[in-house]
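All chains should be built: construct the whole structure from the sequences, respecting the hints.
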Amino acid sequence: MEPLHPKLRNELKRAHPGLTDEDIDRYEELLSRRFALDPEENADEINKLDLERIELMRQKMPRYKEISQVFSSKISRKKRGPKTRIKIKPPEKR
Amino acid sequence: MASTKGLVQRLTLSEELSSGCFFIGPSPYSTELLFIMMKPSDSVLLRRQKESMINLLIKAQRADYNVTAYHDQNSAEVDWVALGDFDISPIGLAIHNDFYSISGYGIPDNVEIVFDSTNLTITVQPDIVRPHWVFVAELPNAIPVGRNMVSLQAPGWSSDAVPIDVHAGPPATVRVLYSGSPRTNPYTVAFVANPAIESAAGGTFSADPVLTQRTDFHDAVNYCLRTMLTETEDLLRQNNLDTHIRFVTIFDSTLTANNNNSLAQELNPNLMLTRRDRLRPFLARYFEVADMVMVLHGSTTHDRATAWYTTDNANMPGTAYTYDGVNRLHGHIPEIPGSAAIPISVDQTGHTALHEFCHGASDFNNGRIWDLYHDGPSGGFDVNKKFRANNTDPIPNNFANYNGTNYNSDQNRNGIGYPIAWESYHPALIDPTRPNLMDNYWQAFDTPLRCRLDQLTYDLLSDRLRAKIFR
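Chains as they are written, first to last, in the working numbering: chain Z, 1 to 94; chain P, 1 to 471.
Just so you know, the hints here were simulated from the structure itself, not pulled from any lab data. Only a predicted model underlies this, so the values are computations on that prediction, with no experimental measurement involved. One thing to keep in mind: the hints can contain errors.
Derived BS3-like pairs (lysine-lysine); straight-line CA-CA distance at most 30 angstroms [to be verified]:
#1 Z:LYS7 to Z:LYS74
#2 P:LYS386 to Z:LYS60
#3 Z:LYS60 to Z:LYS13
#4 P:LYS386 to Z:LYS48
#5 Z:LYS7 to P:LYS5
Here are the in silico distance ranges between beta carbons for each label pair [unchecked claim]:
#6 P:SER199 to Z:ARG63: 50 to 60 angstroms
#7 P:ALA172 to Z:ILE88: 21 to 31 angstroms
#8 P:ASP252 to Z:PRO6: 37 to 47 angstroms
#9 P:ASN240 to Z:LEU51: 19 to 29 angstroms
#10 Z:GLU52 to P:PRO108: 48 to 58 angstroms
#11 Z:GLY18 to P:GLY404: 25 to 35 angstroms
#12 Z:GLY18 to P:PHE387: 54 to 64 angstroms
Here's a subset of chain Z near chain P, in silico, CB distances under 7 angstroms, partners left out [stated by the list, open to error]:
#13 MET1
#14 PRO6
#15 ASN10
#16 ARG33
#17 ASP38
#18 GLU41
#19 ALA43
#20 ASN47
#21 LYS65
#22 SER68
#23 ILE75
#24 ILE86
#25 ILE88
In this text, a Cβ means the ideal position worked out from N, Cα and C, and glycines have one as well.
Right, here's the structure in full:
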């Protein structure tokens, strides 16, 4: 899973007074752990992790979705320019 | 035996191809006239051979391929024909706005692709250059449709010029970018445009916007390949390992949004998962089998990338290894391929594609390459994370023993530092000045794209990839 960008972490804390790094780390751990479980064999355990994570989000960072979307809408534009360039010149002697 | 080399400049055929005259030479004004003629005394085998030679010369003329015709010193009758060799090989059709790649050997970093047609010479700087391969994410539509001679050129170096036909479109549904080792079952990485997204609640499907954003799909594939093959971490290109890896793309804009076509599911609030059980049957429709599937999607609401580990087929052969004295296996064949869900809007300043690839390329049951940016265990066998009994205990010098070699621990979680409360610790880094690629690479002091793996993960994953590549 893609790690949380430190700037997004800061924005989450700014938007949720009282939110601690430990809360965010716990959220990240719960999220990450679900990807260590085989979804075909561990659906119940994944569900349990998701419920705990969603409850943590609801209590500690209810604006998570909004904040993360604003963040990614800014950050995802940082694409590299195309490297392809074209030179057109007269044909060489044929 | 004499030989005449060049293009088939002109040919004349008799009815029913019983004979043919061929003007072969480097230019229309410098040719030798040679012929092939069926004789009543020819055996059936010899007649077939002559027919084949005539067909080959007809095709060589149409394709502008050089031929070598062998004949007796004192005769113009052709005994046998060989097609000329090229030192590069264009891969697939040249189609405007589609991927385009050329394989070769000893290709210099500063090479350019030159398209030479009747009226124009167009030079294209490739997006990716490897010693065996050049890649363009979108073939410029300034290249004239029709016959072009394509070559690779750099100062002091050039390849042969190969005749190709450039097409205006449409881009291909399935595109082999590089064919990898000539094997029946090459290690394959597939980049798939996800046709449909399953809702977080499950059971409802919507069309994935990526299917209407082909240019962005190409850009995202280009980004993935760049992070995997050209940045500081050389996992996939060490000792030219990537010469053995097959890369293929699938973009099928005709598919409707339904359960069978959906390869990704939302996970609230902002993540996308691959539907790993759907990947194999989906690829099979296109006669493809992959070890790793990068599912590229167009969601802008669920754009945090994720991965699922591979599930290797335990009933198929593998390569044995030991980890801390325990016998384990690098499985050769996946039962379920590794996979990652990557948004086409992915932040291209980071290592997200390679980070997710490393997760996905490891195995659920025989060694997971785990996230290092939190303190938790995965619950299974993690290659790259261990735990102290207490956070006050010293971090052991030795992290693990892999195949008889001891690997040290990373004492300082260099570039970031372990939080005081953490009990977990990691293997020693290859580059101790930057975060581990499996840690929070966004915290690199300069650019996340310079982050590398730890030595243990690098060695184990390298061995695992080799075990699969050379299966």
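Evaluation of the provided hints:
Taking the CA atoms of LYS7 of chain Z and LYS74 of chain Z, the gap is about 11 angstroms. The hint holds against a cut of 30 angstroms. Of the pairs offered as hints, the one joining LYS386 of chain P and LYS60 of chain Z holds, with about 29 angstroms between alpha carbons and a cut-off of 30 angstroms not exceeded. Taking the CA atoms of LYS60 of chain Z and LYS13 of chain Z, the gap is about 10 angstroms. The hint holds against a cut of 30 angstroms. Restraint check for LYS386 of chain P and LYS48 of chain Z: satisfied, since their Cα atoms lie roughly 24 angstroms apart, inside the 30 angstroms limit.
At roughly 65 angstroms between alpha-carbon atoms, LYS7 of chain Z and LYS5 of chain P are farther apart than 30 angstroms, so this suggested pair is violated. Distance hint check for SER199 of chain P and ARG63 of chain Z: the Cβ-Cβ separation is about 22 angstroms, which falls outside the suggested range of 50 to 60 angstroms. For the pair ALA172 of chain P and ILE88 of chain Z, the beta carbons lie near 26 angstroms from each other, so the given range of 21 to 31 angstroms is met. Checked against the hint of 37 to 47 angstroms, the pair ASP252 of chain P and PRO6 of chain Z passes, with Cβ atoms roughly 38 angstroms apart.
A beta carbon spacing of about 48 angstroms between ASN240 of chain P and LEU51 of chain Z contradicts the range 19 to 29 angstroms that was offered as a hint. Checked against the hint of 48 to 58 angstroms, the C-beta distance between GLU52 of chain Z and PRO108 of chain P comes to roughly 54 angstroms, which is consistent with it. Between GLY18 of chain Z and GLY404 of chain P the C-beta distance comes to about 51 angstroms, which lies outside the given range of 25 to 35 angstroms. For the pair GLY18 of chain Z and PHE387 of chain P, the beta carbons lie near 29 angstroms from each other, so the given range of 54 to 64 angstroms is not met.
With 7 angstroms as the threshold, the beta carbon of MET1 of chain Z comes within range of chain P, its nearest partner Cβ sitting at about 5 angstroms, so the hint holds. Given the 7 angstroms rule on beta carbons, the hint for PRO6 of chain Z holds: about 6 angstroms separates it from the nearest Cβ of chain P. Restraint check, ASN10 of chain Z versus chain P: the minimum CB separation of about 12 angstroms is more than 7 angstroms; hint violated. About 6 angstroms separates the beta-carbon of ARG33 of chain Z from the nearest beta-carbon of chain P, less than 7 angstroms, and the hint is met.
For ASP38 of chain Z, the suggested interface contact is upheld, since its CB lies about 6 angstroms from the closest CB of chain P, less than 7 angstroms. A least Cβ separation of about 9 angstroms between GLU41 of chain Z and chain P goes past the 7 angstroms threshold, and the interface hint is therefore violated. A distance limit of 7 angstroms between C-beta atoms decides the matter here; for ALA43 of chain Z the minimum to chain P is near 11 angstroms, and the interface restraint is violated. The criterion of a C-beta within 7 angstroms of any C-beta in chain P is not met by ASN47 of chain Z, whose closest approach is roughly 12 angstroms, and the hint is violated.
Evaluation of the LYS65 of chain Z hint against chain P yields a held restraint, the C-beta minimum of about 4 angstroms falling below 7 angstroms. Using the Cβ-Cβ criterion of 7 angstroms, the hint placing SER68 of chain Z at the interface with chain P is satisfied: the shortest such distance is roughly 5 angstroms. Taking 7 angstroms as the C-beta cut-off, the interface hint given for ILE75 of chain Z holds, the closest approach to chain P being about 5 angstroms. With its C-beta approaching chain P no nearer than about 5 angstroms, ILE86 of chain Z sits inside the 7 angstroms limit, and its interface hint holds.
With its C-beta approaching chain P no nearer than about 6 angstroms, ILE88 of chain Z sits inside the 7 angstroms limit, and its interface hint holds.
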